[in-house]
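**Q** Now for the letters of each chain:
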Amino acid sequence: MLSIKNLYARIEDNGQEIIKGLNLEVPTGQVHAIMGPNGSGKSTLSYVLAGKEDYEVTEGSVELDGEDLLELEADERANKGVFLAFQYPLEIPGVGTMTFLKAALNAQRRARDEGEISTPDFIKMVRQHASDLGIDQDMLKRSLNVGFSGGEKKRAEILQMSLLQPKLAILDETDSGLDIDALKVVSDGVNRLRSPDRSFVVITHYQRLLNYIKPDVVHVMSKGRIVRSGGPELALELEKNGYAEYVEAA
Amino acid sequence: MNTAVRPIKTAAENALVEQFTAAKARLPGNRDAREKAFGAVVEGLPHRRVEEWKYTDLRALMRDAKPLADLPTDAQVAAVDRKRVLTSFDASKIVFANGSLIESLSDLGKLPAGVEAVSLAKAYASDLPLLARFGEAEAPEDNAAIALNTAFVSDGVLIRIAAGTKVDRPLHLAFGQDGEGHASYARILIVVEDDAKVEIVESHFGEGHHQTNSYVELLAGDRTDINLIKLQAESLDTQHLATLAIKLGAESSLQTVAVARGSDVARQQVFVKFEGDNTKASLNGISLSGARRHLDTTFFADHASYGCESRELFKSVLDGDSRSVFQGKILVRQNAQKTDGRMMSRALMLSEGSEADLKPELEIYADDVQCAHGATCGALDEDHLFYLMARGISKIDAQAILVEAFVGEVLDMVEDEGLKDALAVVTNSWLMARD
Ligand SMILES: Nc1ncnc2c1ncn2[C@@H]1O[C@H](COP(=O)(O)OP(=O)(O)OP(=O)(O)O)[C@@H](O)[C@H]1O
Ligand SMILES: [Mg+2]
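Protein chains in written order, with the UniProt record's numbering: chain U, 1 to 250; chain Z, 1 to 435.
Just so you know, these hints were derived from the structure itself, not from any lab. Be aware that a few hints might be false.
Below, a sample of chain Z positions facing chain U; criterion: calculated Cβ distance under 7 Å [what the hints assert, rightly or not]:
1. L380
2. H384
3. F386
4. Y387
5. M389
6. R391
7. G392
8. S394
9. G408
Just so you know, even glycine gets a beta-carbon here, dropped at the ideal spot from N, CA and C.
Could you put the whole structure together from the sequences, leaning on the hints where they help?
**A** Next comes the structure, spelled out in structure tokens:
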């Protein structure tokens with residue numbers, strides 16, 4: 001279970017507070033959606049969970065299955081099973097996609113005292129997941145995300161998630177930039193990974209994604225806090241009425 | 001110019017004068033040429049007030065002058081043989097120990113057809129006509145590294161690739177040092193005649209507190225196709241002065257990649273002269289420095305012909321309190337119309353204490369040219385690091401991956417896969433040690 005209590009976080013550079021007393025619990029095996037206006041701090045929350053150093057937590061706690069995440073470096077969190085699918089996946093010229101995937105997979109396996117994967121097994125595994133996600137084999141030969149279209153980058157994030165099999169996956173607007181067919185493919189990819197021992201936090205602006213990836217709980221985030229939580233019907237209501245009510249209330 | 005009163009000579013300067021006085025009678029070849037060359041340094045070594053040596057103050061960096069290396073002992077030859085680098089790479093070898101060509105370790109007797117190689121010592125003894133071609137690339141004779149080499153050198157090799165020869169097996173010139181500390185000089189002449197093609201690898205390695213000085217002169221005819229790869233992996237206590245002087249004929253193609261991984265202080269000078277029309281040259285380098293090491297690349301391209309293209313990419317990675325220097329200049333003479341020159345230098349700094357000095361220059365006298373230069377200097381991208389770490393890769397591994405990507409742009413230019421892999425291993429070894 002992911003358990004966030006009274007979390008406050010600010011931008012290290014300018015001290016601006018973005019997360020302001022946020023509480024959230026995601027029981028293991030559940031899918032929770034977070035919706036909220038632009039700039040409400042959704043991506044910031046995802047970065048804070050993943051351990052980005054640009055943010056400083058000033059108060060509160062974040063635990064995954066009882067373990068304090070805030071104590072850990074980004075790589076240690078990943079090795080404990082935290083995965084963030086980035087809203088804007090970075091292009092890293094010169095780093096081969098396959099080299100990167102293998103380094104990541106082996107780092108996590110080493111951290112869990114599993115041996116490194118053999119190259120043939122690795123290639124087979126990547127090919128399988130890539131073809132499930134409609135990712136062209138040629139893309140895997142390129143530098144990481146370099147020259148990938150917006151939609152291809154999002155698929156590549158899900159490919160990484162499929163390979164790494166995290167305990168907690170945070171998907172930050174993975175649906176934005178996807179065409180209708182890609183949305184279906186990516187959602188199928190996510191649904192294949194749903195399991196009783198894996199949780200998801202799905203950040204999105206569109207109720208449509210939630211038709212494919214059915215959430216257990218929908219949260220509304222505004223001005224750095226969760227201001228309302230409800231069932232899937234809350235997403236429909238937001239779609240209809242927008243955020244006006246929350247922006248004022250928060 | 002004010003003529004500042006020169007301070008008293010340094011220990012190194014005094015020792016050089018003593019050495020030259022003692023050795024000149026027994027050094028082979030043209031004594032006048034040696035005297036003349038030594039004249040350029042007899043008044044002292046260049047220092048930071050001499051523009052070309054501004055960032056590499058040789059006078060201050062060269063604390064002593066090591067004694068001239070004796071002929072190597074059998075044990076030293078064996079040690080050099082053991083320490084050879086890039087051994088997995090198949091090539092015809094010419095091996096030097098402490099500056100002397102070692103025939104027993106070399107493949108001089110079984111060189112590919114069309115390739116001729118004679119040791120400099122033998123060339124002096126037989127007054128080989130090829131000797132007359134030294135200096136044809138017109139590198140500045142009064143440059144301190146060149147002058148010292150001319151004054152003291154006693155061995156090296158002269159190589160001729162006959163016209164039309166496509167050499168299918170690369171040549172590997174291996175320069176090893178063994179012993180406590182000595183000065184060793186080597187001079188190499190490579191004449192590539194018209195329509196010939198060759199790949200030449202140069203490696204420098206060994207142990208000890210040495211001062212090495214190598215001067216490679218490459219004279220390329222027309223329609224030649226040449227690949228030069230250099231690995232400088234001297235001991236971390238060595239001072240390495242190296243000069244590569246190149247003259248290129250018409251419609252030729254040259255590619256060079258130099259990796260500097262070793263030495264306490266190293267300066268690699270490259271002088272390239274475009275003497276024929278429509279020639280393309282790509283000259284590239286990587287320098288890896290850590291601790292308090294100092295690595296300098298000084299580059300000069302002289303475009304004196306029509307329609308030539310030059311591409312330079314120099315990358316340095318710095319850690320500790322090390323320093324890297326890149327001085328690059330492209331000169332385009334008035335008649336060198338349609339010159340296309342692009343020079344880029346990038347420094348990647350892994351530590352607060354390191355310092356990179358990048359000084360690119362263009363000097364253009366022709367009006368119809370395309371020339372550009374750029375220089376960048378910075379740390380690893382924090383967001384890139386985070387992305388890799390967010391996938392479970394440790395900080396140290398993530399840094400290594402990003403540094404490999406940084407230098408990979410240069411390494412990828414090495415066409416021979418085996419050689420590229422061997423050089424990547426060297427880069428990785430530095431990344432592990434950061435020394
Ligand atoms: N590193 C940073 N430097 C400066 N401002 C930042 C930084 N990170 C976040 N912010 C600011 O914090 C606020 C919250 O940003 P965040 O990206 O978390 O919003 P979001 O809810 O994800 O928005 P969107 O729906 O547009 O993706 C914004 O005002 C943003 O400009
Ligand atoms: Mg966002």
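**Q** Compare the structure with each hint and give your call.
**A** Status of the hints after comparison with the structure:
Against a cut-off of 7 Å between C-beta atoms, the interface hint on L380/Z is violated, since the closest Cβ of chain U lies about 11 Å away. Against a cut-off of 7 Å between C-beta atoms, the interface hint on H384/Z holds, since the closest Cβ of chain U lies about 5 Å away. Residue-level restraint check for F386/Z holds (minimum Cβ-Cβ distance to chain U is 5 Å; threshold 7 Å). A distance limit of 7 Å between C-beta atoms decides the matter here; for Y387/Z the minimum to chain U is near 5 Å, and the interface restraint holds.
About 4 Å separates the beta-carbon of M389/Z from the nearest beta-carbon of chain U, less than 7 Å, and the hint is met. Among the interface hints, the one on R391/Z holds; its C-beta lies about 4 Å from the nearest C-beta in chain U, closer than the 7 Å criterion. Of the supplied interface hints, the one on G392/Z holds, with its beta-carbon coming within about 4 Å of a beta-carbon of chain U, less than 7 Å. With a least beta-carbon distance of about 5 Å to chain U, the hint placing S394/Z at the interface is held under the 7 Å criterion.
The interface hint given for G408/Z is met, as the beta carbon of that residue sits about 5 Å from the closest beta carbon of chain U, less than 7 Å.
Violated hint for the displayed structure: number 1, the only one.
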